[in-house]
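S.K.: Please model the complete structure; the sequences and the hints are all you need to start from.
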Amino acid sequence: ISTLVLAEHEGGAIKPQSVSAVKAAKSLSNDNPISLLLAGSGSALHEAAANAASCDPSVSEVLVADSDEFSHPLAEPWKGGYSHVITASGSFGKNILPRAAALLDVSPITDVIEISDPHLFVRPIYAGNALCTVRYTGAGPCLLTVRSTSFPVPSILANSKSNEAPITQVDLSTFGEDSVGKSRYVKHTSQDTERPDLGNARVVVTGGRALKSAENFKMIEKLAEKLAAAVGATRAAVDAGYVPNDLQVGQTGKIVAPELYMAFGVSGAIQHLAGMRDSKVIVAVNKDAEAPIFQVADYGLVGDIFEVIPELLEKLPETK
Amino acid sequence: MKIMVAIKRVVDYAVKIRVKSDKSGVETQNVKMSMNPFCEIALEEALRIKEAGMASEVVAVTMGLKQCVDTLRTGLAMGADRGIHVETGGPLYPLSVAKLLRALVEVEKPGLLILGKQAIDDDCNQTGQMVAGLLNWPQGTFASKVVLDKEKQVVTVDREVDGGLETLCLDLPAVITTDLRLNQPRYATLPNIMKAKSKAIKKFSPEDLNVEIKSDIEEVQVTEPPKRKAGVILSSVDELIDKLKNEARVI
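These protein sequence lines are chains A and B, in that order.
To get the working numbering, take the position in the first sequence, counting from 1, and add 384.
To get the working numbering, take the position in the second sequence, counting from 1, and add 24.
To be clear, the hints were calculated from the coordinates, so they are not data collected in a lab.
This structure is a prediction, so every number in the text was calculated from the model and none was measured.
Please note that a few of the clues may not be correct.
[Stated by the list, open to error] Derived, one-sided and incomplete: chain B residues facing chain A with beta-carbon distance under 10 Å:
1) Ile41
2) Gly49
3) Ala122
4) Lys123
5) Ile144
6) Asn149
7) Val155
8) Pro162
9) Gly164
10) Glu184
11) Asp186
12) Leu204
13) Thr247
14) Asp262
15) Val274
[Claimed, not checked] Lysine-lysine pairs mimicking BS3-like chemistry, simulated, CA-CA at most 30 Å apart:
16) B:Lys26 x A:Lys566
17) A:Lys410 x B:Lys251
18) B:Lys267 x A:Lys606
19) A:Lys699 x A:Lys664
20) A:Lys571 x B:Lys26
21) A:Lys664 x A:Lys606
22) B:Lys221 x B:Lys26
23) B:Lys56 x B:Lys238
24) B:Lys47 x B:Lys253
25) B:Lys74 x B:Lys174
26) B:Lys227 x B:Lys238
27) B:Lys267 x A:Lys671
28) A:Lys664 x B:Lys267
29) B:Lys223 x B:Lys74
30) A:Lys664 x B:Lys251
31) B:Lys74 x A:Lys566
32) A:Lys699 x A:Lys671
33) B:Lys269 x A:Lys610
34) A:Lys571 x B:Lys176
35) A:Lys671 x B:Lys269
36) B:Lys269 x A:Lys664
37) B:Lys40 x B:Lys251
38) B:Lys56 x B:Lys40
39) B:Lys40 x A:Lys671
40) B:Lys44 x A:Lys664
Think of the CB as a built atom: it goes at the ideal place given N, C-alpha and C, for glycine as much as any other residue.
M.R.: So, in structure tokens, the structure goes:
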């Protein structure tokens, strides 16, 4: 067994989701050399590589592919004959891994939440309403995307400079597909990023359709600010245009598992529950006592969100 | 230019699924089946491109059991010009679907292949990326906006990525997978449902397309997820703050 983790990086640091992917790699086997592959270009890439080298003591090697071309799916991970290739189930990993798998003629396994043995995995199907155990029986490498919420890492990364893995430059240009150049990056529009990232926040405050307007949704944002929390939304709230779509929590949006999940005016459709059911503590506030969200909430409050939220804003202690 | 759209027959999104007691899978007998919602969006987008005069024909394709023809008819009723059904027996995983799609692309030579980003049954989110890789075509996954430029033979795609939108420009032919907000699919009207009955559906077998259906994954069991038990209903904001502070210790 040997594993290649395809890592994401941003602003000179490896993303927390990718550290979760390393954690997942560790659970394959105790004796599992882990290589991290980072692709990109420029100095931020090399900073990220240095950061990645010390992100976890079990990382045995960091590979850096420095090229301007890496905005497009790469298909080279078989290099070095790894038994497993793992990446986090974000839009990055989900875009790339299946393509690489097809070129390797193997079936990838999406959204792994549990690794039972090196070839036996558990993944949710039907929006998490069933769990499927699958065995990989192929001869080629086993390609996985893992839910980072299922492989949590301590929020403070052990900065064990003493245990730094060697960083090696790799040239992947020889693996270039003919399709490189057929797609061009135009731009990236990102939402303001002052708040913590939804996928990794310790606290998430979510609003549903009951907020009634984008104006009212600002109450949710204020509350989130007070709790140093990320803001989430239901599909209904997103479709109604209250907030941008990258805040959507659910089967087809983000999957979150914070320590505290607070849902305001959220009814609890199964597609939404699929995105937050693994949260440690769930609080639900809804004026409909029959709302399904109360069946998964640890603490429920039946009441009008337009009264409860202002009261919370007033009474909640300031987060340090 | 022809557009090919892949559609999948799945358990209707509104059905509350039941895991079989012998853990062999999810009950699909006597359950309402529909077109995968993401596939509806894919088909809608293809139809809009055609209606805008940018494409000559929309071909809907599906794979799987005999009954998949019903879903294909729904696609024809929505407006697809004709259908292709690759009939297969057992379970079909994305890798096989991607290979069958590649073979069909070689037959039909579309300029654009549009698929839903994932099916709501297995939630795999793989087929589009896989067929793009096999065809060596550029891919625009999780699309929330698609703008075709017929002159330049390119398509500009806004993609829903973590933390925002990414815009890519792809040379045709290309693969696009659709996200929820790309469009609002139309309903099939009664006259169109009637018309769809006379539209052509061509049948293929995997052998016809020289694709061997094999699988390197095996479903061991399907189980119910652990149930979260309902907690307590509190009476006031003060009580909630107290619980969060002193019982759950999360604030």
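S.K.: I'd like to know which numbered hints this structure contradicts. Please list them from smallest to largest.
M.R.: none
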